[in-house]
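*Asks:* Read off the chains here:
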Amino acid sequence: MKIESETLTMDIEEIIQDENLVYKKTSCMTDNILSFCPGCGHGVIHRLTMEVIDEMGIQSETIGIASVGCSVLAYDFMDIDMTQSAHGRAPAVATGIKRCWPDKYVFTYQGDGDLAAIGTAETIHACNRGENITIIFVNNGIYGMTGGQMAPTTLEGMKSSTTPYGRDIGLMGNPIKISELVSQLPGTYYVTRQAVHSPSHVRKAKKAMRKAFESQKEKKGLSLIEFVSNCNSGWKMTPVQANKWLEENMLPFYPLGDLKVDGKIIT
Amino acid sequence: MKGNEAIAEAAIRAGADAYFGYPITPQSEIMEYLALQEPHKRTGMVLLQAESEIAAINMVYGAASTGKKAMTSSSSPGISLKQEGISYLAGSELPCLIVNVVRGGPGLGTIQPSQADYFQATKGGGHGDYHLIVLAPSSVQEMSDFVKLGFELAFKYRNPAMILSDGMIGQMMEKVEFFEPVPRLTEFDQSWVTTGKTPDRERNIVTSLDLDPLGMERHNQALNEKYNKMKEKEVRYEMIDCDDAEYLYVAYGSSARICQKAIKLAREEGIKAGLLRPITLFPYPTKILAELANQVKGILSVELSSGQMVEDVRLAVNGKIPVEHFGRTGGIIHSPDEVLEALKTILIKK
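Heads up: the protein sequence lines correspond to chains A and B, in order. Quick note: the first sequence uses our numbering, first residue 1, plus one each step. Quick note: the second sequence uses our numbering, first residue 1, plus one each step.
Source of the hints: derived by calculation from the structure; they are not laboratory data. Accuracy of the hints is not assured; some may be wrong.
Claimed, not checked - Straight-line Cα separation of at most 25 Å, DSS-like style, residue types lysine-lysine; simulated pairs:
#1 A/K219 - A/K206
#2 B/K41 - A/K219
#3 B/K297 - B/K320
#4 B/K297 - A/K104
#5 A/K206 - A/K25
#6 B/K320 - A/K220
#7 A/K217 - A/K264
#8 B/K261 - B/K175
#9 B/K297 - B/K261
Could you put the whole structure together from the sequences, leaning on the hints where they help?
*Replies:* This is the structure in structure tokens:
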């Protein structure tokens with residue numbers, strides 16, 4: 001295969017030479033093909049997590065907790081020791097590990113249904129105790145794995161398979177803002193909301209991810225990174241439409257940025 | 001010392017790495033005793049009061065997934081809440097110790113002693129095909145001894161073990177002789193623990209999930225082989241006055257103590273009664289019961305329930321001789337006189 005442009009003519013063999021590579025697979029990712037739908041944010045968030053672990057050189061000291069939902073198979077893609085927890089219980093599982101191994105790096109990887117509905121108690125109390133762990137929270141406003149049902153974070157009026165006419169706040173209650181909630185708890189050290197639908201967002205998210213793991217290294221307390229992400233399959237959109245919809249609808253309700261830094265609430 | 005306190009002291013001495021619990025009567029002394037002892041100072045053991053029984057069992061799941069000796073305790077309604085986690089522990093083949101100081105149910109029931117959680121403890125309890133190793137102490141001494149034994153069996157088979165006690169044994173005071181302290185683990189089996197992937201090995205994954213039906217069936221078969229091995233090697237029981245017995249009580253835990261007294265009363269009246277006390281409720285002493293069925297005229301299963309273990313006795317005896325049940329419920333404890341009377345009216349029918 002030849003790749004041609006006005007300034008460059010290279011074949012594939014030359015391109016993959018080490019000196020020509022500007023980007024390659026993170027060593028902490030396995031060679032398994034990601035099972036996520038094309039356009040889904042999970043792949044990018046998986047990669048960011050593994051990049052940070054790779055760059056910090058902490059693979060041999062890191063234990064990840066996979067949860068239930070699309071994130072259930074995280075252990076197929078992350079080349080680290082992983083424990084797969086029951087639905088919503090990841091922060092409790094992480095607590096059990098971290099209390100026994102205070103010098104290891106422990107993170108959970110959870111979706112909105114897992115973390116903000118069935119696992120609310122575990123989330124709130126792990127945050128309140130200030131467990132020295134990192135919670136990676138992927139909020140796409142829907143239950144992806146089970147086929148697009150309403151999530152605790154589904155926006156008002158948003159359609160899902162269990163709200164086919166749109167979420168009626170009077171009937172189903174309001175979408176929950178977990179990051180705002182946990183930033184109020186004294187045990188959280190760093191709470192931030194990020195996105196990965198554009199390269200500039202990915203770069204900012206990477207910095208946030210690094211900061212979370214660095215905080216854990218310094219034993220500062222709990223870090224929670226919320227990723228406002230997409231679910232083009234569940235939202236019944238193309239990847240491009242989904243990212244546009246995310247910008248126009250999700251981000252106004254779930255504004256990006258830091259909510260708590262170094263234990264101080266950002267006002 | 002109280003039975004509950006003996007459990008707690010034995011946990012520290014057995015080299016437990018962590019206890020995660022949530023208060024519930026009649027077993028709260030376990031966590032209270034541990035808190036007073038400050039086990040982090042004695043052995044480095046972790047003690048944490050969780051936000052719920054569900055969180056506590058999942059903390060156990062986390063600690064156990066890293067090869068640590070972890071335990072929790074609760075009483076009936078709390079054990080029901082833990083069932084999801086227990087199923088995951090069994091499915092993921094994680095060793096741990098769960099103590100159930102049983103109280104009367106169903107629902108919120110009562111805080112008084114009961115043995116009505118027999119089905120839940122021995123038949124799985126949560127979803128899926130699995131068994132726990134179930135130990136039934138009938139003295140405060142055994143509350144202590146079975147903590148050590150429970151951890152040993154749990155690690156031998158990589159399977160959760162349960163101590164099925166009740167409010168009577170938990171609250172009762174007796175003398176205990178504690179075993180010599182066992183040091184906490186310092187080495188972990190790198191073939192399965194998730195303590196961080198080192199360059200010399202592949203990553204370890206602790207999970208109970210297998211989306212491939214053939215893979216899941218193989219997993220179920222492997223679990224079943226493990227349970228069969230337990231049935232072969234780990235059956236424990238005690239026989240009291242069985243040699244010349246014509247009638248047999250089968251009872252475990254607190255009921256076994258009462259039956260022991262009833263045997264004496266029976267023999268004073270010329271009734272040759274004996275007692276088989278199952279110590280492991282899973283694996284169940286099926287073989288010895290089948291043998292005893294060739295000797296005795298009838299069996300009375302005595303439990304603080306409406307009749308749960310009696311089903312396992314009937315399965316073991318397989319119709320050879322009459323097997324009947326007697327038991328008080330709701331937190332009422334049968335007296336030796338009642339138990340003797342039951343033998344006469346229900347079984348001997350004189």
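*Asks:* Hint by hint, say whether it matches the structure.
*Replies:* Status of each hint after checking the structure:
no.: 1; hint: A/K219 - A/K206; verdict: 20 Å, holds
no.: 2; hint: B/K41 - A/K219; verdict: 21 Å, holds
no.: 3; hint: B/K297 - B/K320; verdict: 9 Å, holds
no.: 4; hint: B/K297 - A/K104; verdict: 62 Å, violated
no.: 5; hint: A/K206 - A/K25; verdict: 15 Å, holds
no.: 6; hint: B/K320 - A/K220; verdict: 68 Å, violated
no.: 7; hint: A/K217 - A/K264; verdict: 19 Å, holds
no.: 8; hint: B/K261 - B/K175; verdict: 19 Å, holds
no.: 9; hint: B/K297 - B/K261; verdict: 20 Å, holds
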